Amino acid sequence: AQSVAQPEDQVNVAEGNPLTVKCTYSVSGNPYLFWYVQYPNRGLQFLLKYITGDNLVKGSYGFEAEFNKSQTSFHLKKPSALVSDSALYFCAVRDYTNAGKSTFGDGTTLTVKP
Amino acid sequence: EPEVTQTPSHQVTQMGQEVILRCVPISNHLYFYWYRQILGQKVEFLVSFYNNEISEKSEIFDDQFSVERPDGSNFTLKIRSTKLEDSAMYFCASSSTGVVETQYFGPGTRLLVL
Chain A
23 AQSVAQPEDQ VNVAEGNPLT VKCTYSVSGN PYLFWYVQYP NRGLQFLLKY
73 ITGDNLVKGS YGFEAEFNKS QTSFHLKKPS ALVSDSALYF CAVRDYTNAG
123 KSTFGDGTTL TVKP
Chain B
2 EPEVTQTPSH QVTQMGQEVI LRCVPISNHL YFYWYRQILG QKVEFLVSFY
52 NNEISEKSEI FDDQFSVERP DGSNFTLKIR STKLEDSAMY FCASSSTGVV
102 ETQYFGPGTR LLVL
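As you go down the protein sequences, you meet chains A and B in turn.
When we follow this note's numbering, the leftmost residue of the first sequence carries the number 23, and every step to the right adds one.
When we follow this note's numbering, the leftmost residue of the second sequence carries the number 2, and every step to the right adds one.
For the record, the hints were derived by calculation from the structure and aren't laboratory data.
Everything numeric in this text was worked out from a predicted model, so none of it was measured.
Beta carbons: idealized from backbone N, C-alpha and C, even for Gly.
Hints should not be assumed to be uniformly reliable.
Unchecked claim - Partial chain A-side listing against chain B, Cβ under 8 Å, derived: (1) Arg-64; (2) Leu-66; (3) Phe-68; (4) Lys-123; (5) Thr-125; (6) Gly-127.
So here's chain A without its partners, still in its complex pose:
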């Protein structure tokens, strides 16, 4: 079975400050990890993924995430937050045995204040 935990329902940061949105996972095999962002009344937009290789993954809109196998984490980061980054962020995991089924976390609402 695969699972994802996003321990924070809400993250608040000031514009210009660094942000981190946390994600931990559990899979039986090698994890394939994804971050998506959802703006109000919109679908899920892909931000970045980790499949293999470098632990630091860079994605869209200046976001990056660090894969940490020992801590089973895949935290999303951005060095300098923008007000427009305010949205709902989902971490997702897949296991190669599950035919592409993605398991999503509960989501974290990021609010960036001017």
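Fit chain B to the supplied structure of chain A, relying on the hints for placement.
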């Protein structure tokens, strides 16, 4: 940039009625998925579809649900007899290959069952 499209954007139906949600995946993609998101809750996997058959389905995807790729472009989700608890946002997704590839999501269909 190619994108997944879904119709209708909103659907209101009476309990017990059949609904068909339509999706046009990205044209060269081979794997197709349906997910749902009940208001305020996490995104949940329903079904994956490849080579004209279901690859995997969740416990949510019971006999009331079916999927079909009736032609070369559309991918549909049918709910035979809707229940109040089927009210949710339904997302279609597609990927070029299987497990390691990014799933690209459509904007969703908001289904309300009265």
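Against the earlier hints, flag every one the structure doesn't satisfy and list their numbers going up.
Structure breaks no hint.
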